[in-house]
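Q: These protein sequences, in sequence, are chains D and U. Using this note's numbering, read the first sequence as starting at 20 and increasing by one per residue. Using this note's numbering, read the second sequence as starting at -4 and increasing by one per residue.
Keep in mind that the hints are not guaranteed to be accurate.
Heads up, simulated DSSO-like pairs for lysine-lysine below, C-alpha to C-alpha not over 30 Å straight-line [claimed, not checked]: (1) 131/U <-> 41/D; (2) 131/U <-> 302/U; (3) 41/D <-> 208/U.
Listed below are several chain D residues computed to face chain U (Cβ distance under 8 Å; list not exhaustive) [said to hold, decoys possible]: (4) 61; (5) 64; (6) 75; (7) 197; (8) 199; (9) 284; (10) 285; (11) 363.
Treat the hints as calculated values from the structure; they're not laboratory data. Note that beta-carbon positions come from the ideal geometry of N, C-alpha and C, so glycine has one too.
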Amino acid sequence: MRIAIVGNGRAGSTAARVLREKYACNVDVFSDETRFHYARTALMYVSMGAVAPSTIIAPLPDAQLREIASLDELRGYDAVVLATGSRPVLPPWCTELDADVQCYTAWNDVAMLADARVNKKRCVVVGGGLIGAEVAEVLHHQSVPYTWLIRGTGVADDIVPGDESAMITRHMQQSGIEVQVASDVVAMVREGGRVTGLTLHSGETLAADHVVLAMGSTPSIALAQRAGLEIATGVVVDASFRTSLPHVYAIGDCAQPPWGIRPTWHDACAHGEHVAHVIAGGADAYVPSMPSMQATFLHLEWYSVGDTSSESDSWYWRDPHNDRSVRLYHRNSHVVGVQTLAIRIAREMCEAWIAQSLNVDAVRAQFADAVVDPEFTPTVVL
Amino acid sequence: MNLVQITLPDATPRSWWTLHRGSVGAYALAVVLTGFYVCVFWFPDVLQPLTQFLDPLSHALRRAPSDHWFLYGTLYTGAILIMGVRMLHRYRHERYHVYRTSALMAVQLLFAYLLPATFERMGHQAFYLTYFWPLKPEYLFPGSIDTLLLSPDRLYVFVGWWSIVCAFIATPVLTYYFGKRWYCSWVCGCGALAETAGDPFRHLSNKSAGAWKLERWMIYSVLVCIIAVTGLLWWANAVPSSPLAHVAYQANRWYGFFIGAVFSGVIGVGFYPLLGSRIWCRFGCPMAAVLGILQKYASRFRITVQKDQCISCGNCSTNCEMGIDVQQYAERGETFTRASCVGCGVCSSVCPRGVLRLDQR
Ligand SMILES: Cc1cc2nc3c(=O)[nH]c(=O)nc-3n(C[C@H](O)[C@H](O)[C@H](O)COP(=O)(O)OP(=O)(O)OC[C@H]3O[C@@H](n4cnc5c(N)ncnc54)[C@H](O)[C@@H]3O)c2cc1C
Ligand code: SF4
Chain D
20 MRIAIVGNGR AGSTAARVLR EKYACNVDVF SDETRFHYAR TALMYVSMGA
70 VAPSTIIAPL PDAQLREIAS LDELRGYDAV VLATGSRPVL PPWCTELDAD
120 VQCYTAWNDV AMLADARVNK KRCVVVGGGL IGAEVAEVLH HQSVPYTWLI
170 RGTGVADDIV PGDESAMITR HMQQSGIEVQ VASDVVAMVR EGGRVTGLTL
220 HSGETLAADH VVLAMGSTPS IALAQRAGLE IATGVVVDAS FRTSLPHVYA
270 IGDCAQPPWG IRPTWHDACA HGEHVAHVIA GGADAYVPSM PSMQATFLHL
320 EWYSVGDTSS ESDSWYWRDP HNDRSVRLYH RNSHVVGVQT LAIRIAREMC
370 EAWIAQSLNV DAVRAQFADA VVDPEFTPTV VL
Chain U
-4 MNLVQITLPD ATPRSWWTLH RGSVGAYALA VVLTGFYVCV FWFPDVLQPL
46 TQFLDPLSHA LRRAPSDHWF LYGTLYTGAI LIMGVRMLHR YRHERYHVYR
96 TSALMAVQLL FAYLLPATFE RMGHQAFYLT YFWPLKPEYL FPGSIDTLLL
146 SPDRLYVFVG WWSIVCAFIA TPVLTYYFGK RWYCSWVCGC GALAETAGDP
196 FRHLSNKSAG AWKLERWMIY SVLVCIIAVT GLLWWANAVP SSPLAHVAYQ
246 ANRWYGFFIG AVFSGVIGVG FYPLLGSRIW CRFGCPMAAV LGILQKYASR
296 FRITVQKDQC ISCGNCSTNC EMGIDVQQYA ERGETFTRAS CVGCGVCSSV
346 CPRGVLRLDQ R
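Go ahead and model the full structure; you've got the sequences and the hints to work with.
A: Structure, rendered in structure tokens:
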């Protein structure tokens, strides 16, 4: 079988590996980014010098460096897998990137940020989500002068409730990271082709030589659109990752399966593996795991399992002595999601509670069993 | 494969003392450290000025003139204390490291520096109560029966029994409950140096499968050697007229030279900047070999891995001083026990997604 895979991120490269190793398929991988697959999630650790670049690079599969502009280029393949991932969202006041404006989602971005440091540029990070926080941490760690602008009231306030966001923001500030909240950028100032500043909603203009945009991401669908595939936000696929065209599949960040888009490393990996079984092994529908997310803000770890959207009610506990918290999301008092700050939780146990629809009191009573903090951490008593 | 399409600027070190693998600085530091060890073992006269400088301290502590071993012990303890403070600061957010590093510093200062000095001050031999057979094999050599167990002095009898109980009873029991770490990361002086002064070098350990294989060959060979040497000495003691007696004494001398001095000292510490901080613990220490076998087959200790949470960032493997490729287990979601794991807990702390936990439950 000859199979073409567009994109060598986590999804595409996992699919290629399984198809080659398990099914001995003839696989061609195309990427417009890098020949090698690498851990996109670990870019910040390369920027900080915590790990060597070679550490996050997987030697195989080796992709052909080429942008696929149309599916016509892939005629002759028995199956085509779109694993084009996501691309950063750009604001209306800056629709193109150049030497002074970058995002932080791709391999080249690490070098750009390092250049900004070497050239002592004054950096401004725009966006208070997970990637904005990562960039701020990198710049802080590297002693680059920077300003970090957040539109809302605190760090990550679009994914965690206000109290947790405030705790994260305070934690980062206490460690020396400056956060400027309620700062909506409305325009970018350029002089002689170079960026010189950003104008805020308030009318104030901030000096800036280098701007890092971290304003979210959206599925990369240009290729699918041109091919006439059915599109919603992402490329619409069924539970086996089939698109509206026969023999064309979509996986990872760019795919929109019936359970919704879940742009995470683990989902991309699971999609890649499953689509290989579908294409070459005749596997059936994929059964998605319960959603879960983890992140770290400097030393503050954040864990979320199940449905932790703001639509549900929640029961909240905050440790009076330490910066840590637990939030149990529930509907009619049946727990549907668990979210913690600075408390490591055994995900499988949380999933079991949610699957059994335990009520809040029952979960509170057993909560300590699910805590997997390092030894000597003060115990959690809910 | 075109690994670097764009030129990445040199990854900026985590801190100014972090050395790059194979850099000029790393070699220079290795030469200095190795040179110091060579002097201590074979050319102590070179160190005379330094030794003399410590004379007042030596008199105060031991009522004896300073010598090169006192100089060595003082520098060793000083390195642990100073770099221990750095370690405490670096991992101040996690109690495990705060407690563990404090324990290492206290054990070194009290049991490996002040207490031996006090023994000397009282006119005794300098006993080290935190080293047992096979790391400190002398305590179980036949001579120790006469000098320790049958001594009229109660202190010597105590030391004799203490080392026997620690080697044969405490070691398996503690390792069953806590894993190898109770010794390697909480008590041992070699471990203390590696965990404090060696911390900036931890990322230099080789993570390849080849290194793992070499490690197993070497460490178990050293264990076999010391068992053989001990056995021969006891045989020679039982049958003094046997021709083996001569072999036994020679074997003991060779072991002392190659393993005791060259391997554990010169290479073990001198090569920190080249091969990472636990060279001796990983490739040579017979105590670690015993503890490792116990940890692997008769212990509750393991590293539990949270499935599907690893983001393949490589922080854990990079920071493993024992060269364990932790990331591989983490990516597969596989809870594991490795004989070499000293349970320092750094992988668990540097993991940004809470994947790893040192477990003994
Ligand atoms: C800085 C950062 C940190 C992150 N941290 C986390 C985290 O901690 N945890 C987590 O779960 N997730 C994290 N994510 C998200 C995670 O990285 C993604 O969900 C995952 O990488 C998606 O994999 P993918 O294979 O679908 O797409 P991608 O990794 O985006 O790969 C798609 C590839 O396809 C290429 N491509 C696109 N179009 C074409 C074309 N037409 N022709 C050729 N090639 C093309 C792209 O250039 C890209 O290389 C992070 C993302 C970023 C950017
Ligand atoms: S440090 Fe954690 S997330 Fe990173 S590779 Fe290791 S286990 Fe995975």
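Q: Which hint numbers does the structure go against, in order from smallest to largest?
A: Per hint list: 1, 2, 7, 8 violated.
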